[in-house]
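K.L.:
Fit chain B to the given chain A structure using the hints.
Protein chains: 2
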Amino acid sequence: MKIAFAQINVTVGDLPGNAAKIASFLAKARRAKAGLVLFPELAVTGYPPEDLLFKPSFIEGNLKVLKRLVLLTRGVTAVIGFVDRDPQGRLYNAAAVAANGRLLAVYHKVHLPNYGVFDEKRYFTPGAKPLVFPPAIGVSICEDIWAEEGPCRQEAWAGAKVLVNISASPYHAGKLRERERLLARRARACQAWICYNNLVGGQDELVFDGGCLLVSPKGQVVFRAPQFTEDLFLASIPSSGKPRRRPLPADGEIFRALVLGTRDYVQKNGFRRVVIGLSGGIDSALTAAVAAAALGRKGVVGVSLPSRFSSAGTRADARAVAKALRIRFLEIPVEPVVAAFSQALRGSFEGRKADATEENLQARIRGTLLMALSNKFGWLVLATGNKSELSTGYCTLYGDMVGGFAVIKDVTKTQVYRVSRAANRHFGRRVIPESVFTRAPTAELKPRQTDQDTLPPYPVLDTIVKDYVEADRPAASIRSRGKAVASVLDRVIRMVDRNEYKRRQAPVGIKITPRAFGRDRRMPITNRFQEI
Amino acid sequence: MKIAFAQINVTVGDLPGNAAKIASFLAKARRAKAGLVLFPELAVTGYPPEDLLFKPSFIEGNLKVLKRLVLLTRGVTAVIGFVDRDPQGRLYNAAAVAANGRLLAVYHKVHLPNYGVFDEKRYFTPGAKPLVFPPAIGVSICEDIWAEEGPCRQEAWAGAKVLVNISASPYHAGKLRERERLLARRARACQAWICYNNLVGGQDELVFDGGCLLVSPKGQVVFRAPQFTEDLFLASIPSSGKPRRRPLPADGEIFRALVLGTRDYVQKNGFRRVVIGLSGGIDSALTAAVAAAALGRKGVVGVSLPSRFSSAGTRADARAVAKALRIRFLEIPVEPVVAAFSQALRGSFEGRKADATEENLQARIRGTLLMALSNKFGWLVLATGNKSELSTGYCTLYGDMVGGFAVIKDVTKTQVYRVSRAANRHFGRRVIPESVFTRAPTAELKPRQTDQDTLPPYPVLDTIVKDYVEADRPAASIRSRGKAVASVLDRVIRMVDRNEYKRRQAPVGIKITPRAFGRDRRMPITNRFQEI
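Top to bottom, those sequences are chains A and B. The opening position of the first sequence corresponds to residue 1 in this note's numbering, with each subsequent residue numbered one higher. The opening position of the second sequence corresponds to residue 1 in this note's numbering, with each subsequent residue numbered one higher.
Keep in mind the hints are simulated off the structure, nothing from the lab. Only true hints are included.
The list makes no distinction among identical chains, and a pair is therefore deemed to hold if it is satisfied within one copy or across any two copies.
When the alpha-carbon atoms are kept at most 27 Å apart in a straight line, the in silico DSSO-like pairs for lysine-lysine are as follows:
#1 K466 x K55
#2 K67 x K129
#3 K298 x K353
#4 K55 x K483
#5 K121 x K175
#6 K175 x K55
#7 K353 x K376
#8 K28 x K67
#9 K376 x K446
#10 K55 x K121
#11 K323 x K376
#12 K175 x K242
#13 K218 x K161
Here chain A stands alone, though its shape is the one from the complex (with noise of 0.2 Å):
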């Protein structure tokens, strides 16, 4: 049997257009003569639908759009992704199962998380039903093929040989081998061929790496499909070897999910261009070369905002970056602005000495004079921050902090750096300078000052970030890290704590860690409890 994995990336609430594409690729299927096409998990409403999923209007839409899907299923047997609404008006995750313009059977899926990013169980009833169809193929939806004692282990009793699983899993670092061991369990398990198809695409702070697998029943991976790309892709069952494809390197890997990431928000929100401060630091310079990657060169605009501070050093770095991604550049200066703003604080601020305020304000200035470019021309502000500062609450609210989308605020200093040698080789050259990567990271807003002042160096204040932020490790157990992260531990903590008020007026931003920051991560504000 030809199997054809319909890895596509479509758009939330986008019903015509999801339609037309799901539509086109039941064409491509039946050109290819795959007697089997799979589409994603909801893949006609897009994934996660959230609130939209309210709307009567919204279901009534998508169950319009899979009855004109069924009709086109001639000669090719289709899983399609859908919302299911039954006559209590109670909404299933659901898959059609349709062949030569028929309905064969609806799959309601049963394991609905409710964890991390995921908010299933405030939409949908789960399934009670596993479901196998003829000659021999059981259907899950996403989570069910995580649940050992799930729906595709009733399938396979049912005398299930091929377990179709349709997904919208999204991607963090590694997910990819996660899913390849699991599935490759699962088969064993069951003793069965696992066809897994996967949404690919980005959607705010998600992005979905697509990586189809068909997966033999001794737990061999024999086919795997690339990441991050929209296409058709076949496969044959049986199969055997392994697949040519390997896995992309993992600093490439999360490359490139900032690139689809980027494209995706930008262009599905109507954007042509975004707009960037180019600092001369690595965060900004990063961020223009995924952006540049994304959107093209001509898709990108880098703005320098020199202040006193800013040294010979960087001003020349972020023109550098610039130039060596071939994007537009501007040079702005914000001094006569932070003049006129001094003097019209001067009498409020009389006897004060300088502190962290007029720091706070030249990033502010920034910030308001990448707005007025973002406005005047339309141009979506990428903001530059990374996990490190913005889990220290090390950046300014409405100052750097600025933007429509965050590309880098799931990315830790250290991964920022390795990264940046990633994007240098998807170049093919060095886009981003040496200078660059070996100047002490600084935020320029008084003299002679280094991100060190203030923050213990980066390898030793990430590894703290992700062990509680990322995986909610004790702090007992934090401590126990060694000498240099045990010094610092307490206050690393007190500041994370402290700073959820930034986070929360943060833009969105790509998700590539187990926890990122926004849907993941649910913290009150308010909040006084202190583990240290």
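P.N.:
Coordinates of chain B only, in the frame set by chain A:
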């Protein structure tokens, strides 16, 4: 039997503080010779603790607190909300029944709300068993009593003559009456007394209004505790007659909710003062009145930030509001800063006409000045935008939207007028002058501007906001409201849909309607669904 309702205001995460408060209310109840004292749902942790529940040390701390509290129940039976954990590590939203220093029983909440602002299925495992303890008292937690076929009915069947429900039920306008109707129905169906204990206090976007109730088996409310007040209230079973206290008038109730929500956000986050940009309009006037009622006049600073477009009338009214509230008042003209920005952007903007960019720039200069005052003096900025603006995006991101807390973000403009009258009644004098009520609303960002240049008349707009945002009414049904609504409906819906990105970066603020922006309404930013 004498019942003590501990209508307490705890703080999320403050395990030692909450423990001390519960202990002191236990002692008060004992002194009052109460047989039974009730504490709210999750009284030990505060509600909602959100992802703090993933921290093992938080769960353990809460269990230790409960253990200590149990020892303090000499001479009184107490029902205390806490987080229970079973040997498998599963968590339960639980109620401890303790007396004379011993833990008699633990009840696990059966019905876990996972809609609206609630995410309880993210954290908790549902309980499965009703609980009746001697003499004949059934226990349930919040949502449980809303379920027709829930544990309350089982407890009544098992002989319970008194049903205790401990809640953390968030306020919205009219909720008290909803609860009374529900409890009356449930009391009659179960032929039992209902002792309804509710949390009081503000937590981020939620206000819990207290309003503990005693309802007779005939469905009569025989005791009603005041809303928005922390205290120990006593009632007896049996008792009869009507409660002496009447519910608050509708607009006064909203004003009180705003005051409590603001006070608790400010104080629980460790601030002593707030700063508010006073434009001379009604939104900032009401925000200042709420703040002054919440924090006292010394806790509030008003700042007028006039530009060339500010009229003598609004400048005078800004000053008049500050004077009437007797709060500190600053005036910082923004024109010189506007000029500096214009100069800085002259090159980039060459040949372009003035547009919304220049309007947003003024708003952002104001936001930056308020933030500078905040940074320098440690004052929390209160944002002044209302729900009508936030729905349509008629507000400037990083401009008038700056702030740590947005007091009236869930109050529509038509409600703002009514609640402002209530504010004047609260103060017993015109803290908001009549001219502020009668002037046509204007952002004063360009000459002769009024809100109605851009927006439909507010009564029409607010009808659509209520129908579309709060009720998910289909467009066709909203259209049937009449010509005034129908003629602007498509435009308003597009504005609402298109401005999700702004709302995502807005400060948290107080929910007073059945559906607020925030945890309550989870819409994708990237979203091509168009109902119209």
